[in-house]
Amino acid sequence: MNLHEYQGKELFARYGLPVLPGQVAGTPEEAREIAAQIGGLVVIKAQVQAGGRGKAGGVKLAHTPDEAFEKARDILALTIKGLPVRKVLVAQAADIAKEYYLSIVMDREKKLPLIMLSAEGGVDIEEVARVSPEKILKQHIPLEGLRPYAARALMMKVFTDFKQAQQAATILLKLYNVFMDDDCSLAEINPLAVTPEGRVIALDAKVVLDDNADFRHRDWDEHWRDPADESQWSRLAREKGLSYVKLDGDIGCVVNGAGLAMATMDLIKHYGGEPANFLDIGGSSNPEKVTAALKIITNDGHVRAILFNIFGGITRCDDVANGIVASLKESPLPVPLVIRLTGTNEEKARQILSDFGLGATTSMDEAVQMVIAKAQEVAS
Amino acid sequence: MSILIDKNTRLIVQGITGRDGAFHTQQMIAYGTKVVGGVTPGKGGTEMHDVPVFDTVAEAVEKTKANTSVIYVPAAFAADAIHEAADAGVQLIVCITEGVPVNDTMDAWHKVIEMRGANNPLGKPRLIGPNCPGLITPGQAKVGILPGHIVTPGPIGVVSKSGTLTYEVVKQLTDKGLGQTTCIGIGGDPIIGTDFIDALALFEADPKTEGIVLMGEIGGNAEEQAAQFIKRHVTKPVVAFIAGQTAPPGKRMGHAGAIIAGGKGTAAEKMAAFEAVGVPVARIPSEIPGLISELLQRRRARKKNGAAKPAKKAAKPAAKPAKKAAAKPVKKAPAKKAAKPPKAKPAPKKKAPARKK
Numbered sequence: 001m002n003l004h005e006y007q008g009k010e011l012f013a014r015y016g017l018p019v020l021p022g023q024v025a026g027t028p029e030e031a032r033e034i035a036a037q038i039g040g041l042v043v044i045k046a047q048v049q050a051g052g053r054g055k056a057g058g059v060k061l062a063h064t065p066d067e068a069f070e071k072a073r074d075i076l077a078l079t080i081k082g083l084p085v086r087k088v089l090v091a092q093a094a095d096i097a098k099e100y101y102l103s104i105v106m107d108r109e110k111k112l113p114l115i116m117l118s119a120e121g122g123v124d125i126e127e128v129a130r131v132s133p134e135k136i137l138k139q140h141i142p143l144e145g146l147r148p149y150a151a152r153a154l155m156m157k158v159f160t161d162f163k164q165a166q167q168a169a170t171i172l173l174k175l176y177n178v179f180m181d182d183d184c185s186l187a188e189i190n191p192l193a194v195t196p197e198g199r200v201i202a203l204d205a206k207v208v209l210d211d212n213a214d215f216r217h218r219d220w221d222e223h224w225r226d227p228a229d230e231s232q233w234s235r236l237a238r239e240k241g242l243s244y245v246k247l248d249g250d251i252g253c254v255v256n257g258a259g260l261a262m263a264t265m266d267l268i269k270h271y272g273g274e275p276a277n278f279l280d281i282g283g284s285s286n287p288e289k290v291t292a293a294l295k296i297i298t299n300d301g302h303v304r305a306i307l308f309n310i311f312g313g314i315t316r317c318d319d320v321a322n323g324i325v326a327s328l329k330e331s332p333l334p335v336p337l338v339i340r341l342t343g344t345n346e347e348k349a350r351q352i353l354s355d356f357g358l359g360a361t362t363s364m365d366e367a368v369q370m371v372i373a374k375a376q377e378v379a380s
Numbered sequence: 381m382s383i384l385i386d387k388n389t390r391l392i393v394q395g396i397t398g399r400d401g402a403f404h405t406q407q408m409i410a411y412g413t414k415v416v417g418g419v420t421p422g423k424g425g426t427e428m429h430d431v432p433v434f435d436t437v438a439e440a441v442e443k444t445k446a447n448t449s450v451i452y453v454p455a456a457f458a459a460d461a462i463h464e465a466a467d468a469g470v471q472l473i474v475c476i477t478e479g480v481p482v483n484d485t486m487d488a489w490h491k492v493i494e495m496r497g498a499n500n501p502l503g504k505p506r507l508i509g510p511n512c513p514g515l516i517t518p519g520q521a522k523v524g525i526l527p528g529h530i531v532t533p534g535p536i537g538v539v540s541k542s543g544t545l546t547y548e549v550v551k552q553l554t555d556k557g558l559g560q561t562t563c564i565g566i567g568g569d570p571i572i573g574t575d576f577i578d579a580l581a582l583f584e585a586d587p588k589t590e591g592i593v594l595m596g597e598i599g600g601n602a603e604e605q606a607a608q609f610i611k612r613h614v615t616k617p618v619v620a621f622i623a624g625q626t627a628p629p630g631k632r633m634g635h636a637g638a639i640i641a642g643g644k645g646t647a648a649e650k651m652a653a654f655e656a657v658g659v660p661v662a663r664i665p666s667e668i669p670g671l672i673s674e675l676l677q678r679r680r681a682r683k684k685n686g687a688a689k690p691a692k693k694a695a696k697p698a699a700k701p702a703k704k705a706a707a708k709p710v711k712k713a714p715a716k717k718a719a720k721p722p723k724a725k726p727a728p729k730k731k732a733p734a735r736k737k
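Just so you know, the protein sequences line up as chains X and S, in that order.
Here the first sequence is numbered in this note's numbering, starting from 1 and rising by one per residue.
Here the second sequence is numbered in this note's numbering, starting from 381 and rising by one per residue.
Hints are computed from structural coordinates only; laboratory data are not their basis.
Treat the hints with care, since some could be wrong.
Derived pair list, reagent style DSBU-like, types lysine-lysine, alpha-carbon separation capped at 30 Å [what the hints assert, rightly or not]:
id	chain 1	residue 1	chain 2	residue 2
1	S	K556	X	K60
2	S	K631	X	K374
3	X	K157	S	K644
4	X	K55	S	K644
5	X	K269	S	K644
6	X	K55	S	K631
Note that the structure is predicted; figures quoted are calculated from it, not measured.
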């Protein structure tokens, strides 16, 4: 789960990281109120999960509550990288003397948390990594944890002022606590800013939580998950335990297994079609899941044909066939359906489908070509 | 021959009384795997499919002389189950469970690696998974959830991050008469116990494996590392396939590790990495059997024609490339040392020079 900046800052504040006071607003009126409470100069920041918000006009300063109202209204009307801005963060503005970059990310290669630190903060770090990787300091955190001396030593390599290095080290130690205790895949502060008075603060927050750990963070779902962040169909998929990603094409696919689902999308593209989604129904194949999958695919976007690609290993093909039939009985499909299934109980499945007037192929290549042809027929 | 599991595998099932554990125990027994025991805390003294159930892995190992364990326990307890198996001296630990928090896997991974260190009286454990389908050695044993009916004994080693995609490709291989030594699913999580490199080293060392099919997917850089490893250390032909060519950036494609993050981990990069070292990349799964079959035939022809060549070859690698080859595993050690399935020899030290296809 990716947190919004305002959520990340709330999480940071829980762990005692220095963030400036601020609140999230969904309307210009709310923004005015928050600006009045904070007093003085405030910054209004679009809360969308996309980089380059500043360049897109999604970050503005406001001197008065009325100006905050106007700026918030402008920003709330924006769409940044395809994402409509529905919320703004109104926060106390800070004078910045210097900007740094600090993050902790799980390094898949070394299997340890990795600290990334750079004196080139406030900019797109991926760009820095590409153009001048030597400007990013990298250090792994051992399994035993991060020692204060190690945090200090690292910061002294980048900060010339000892007091600032000390503050930054404390921030790093707290960020490490966030990362470990709240099961993050990424905890990033960009910029880590130094004020003219020499105070080091977290001016931004980017946090990605490890979804696998949600069972031990009961608060995640209710506290961080914003219903408006996901479409009704993505939510249904999540609730039914389906892995679902919407794409732009017109050929819907329902597949068992993530790897096969990706390969199916690729194959659709290979034969000249465009996949409408990634959808993994998982090992289980109960009718409820099949029904939900078909409902999602037919409603979310503009699908012209649907492909079922099932490799029955542990999943039994007859279970899936029963699911398809049960689902179609309940709500007939508005678009053509191509079914490919092979493996365990394939013959039984074929019988169930043919009793219902449906055919099925065994070859994945053939099925993909068939579904593309059907989609083209519908289109013309 | 095979890697990691065979007729000598003595398996215990952690979580044997659970829904998945019980079902797959039956399937593994039906395939001919020697399932010697199961573990479910609190159910010790009972039986499941005529297999004795114990309260702890230590007791199960002591009573059954098990050398391999497969884990079907829920995600919240899976990492602990890995620790328990390692502490009990299990040599091969296969974690099927999906959804294990990455922090937990990190701890378990380091534990297993630490135990692989030189003088561990419990031997050198190896972890496969989590979030993997396990492995199967056709005609001998299966550990995990791979369907037994799609495999057949033969000369190809299969290694993959995926489950059903592996079944798909293995079936296509079998249908074309291309049997397998061992098929291993290493898992789709960001941190996994056995990586492509480890599996490649094992297949390279296995005398019966003549060619290798590798199936990767978007996310991370394990495929890029595998390509470099192949260049330096693998003499057998390899064919690669990468799933997720149409995957959008920033979206998790089912597997926890399958995500293009910060523009890194794309299928295009991975395909290019393999092509750069002369490993043919299948564009679509159905190309795989043809590609590997062709390479196998060429290799066999070369071997036949070049009976005199080995002498020449033997002289060459002694020089620079061998040194280079030796340097890498040392850096990666102890993880990258070939595992020791019962009776199998450790990975050979000799390394071929430049890779030739």
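> Which numbered conditions among the earlier hints are violated in the structure presented, ordered from lowest to highest?
Replying inline: Number 1 only.
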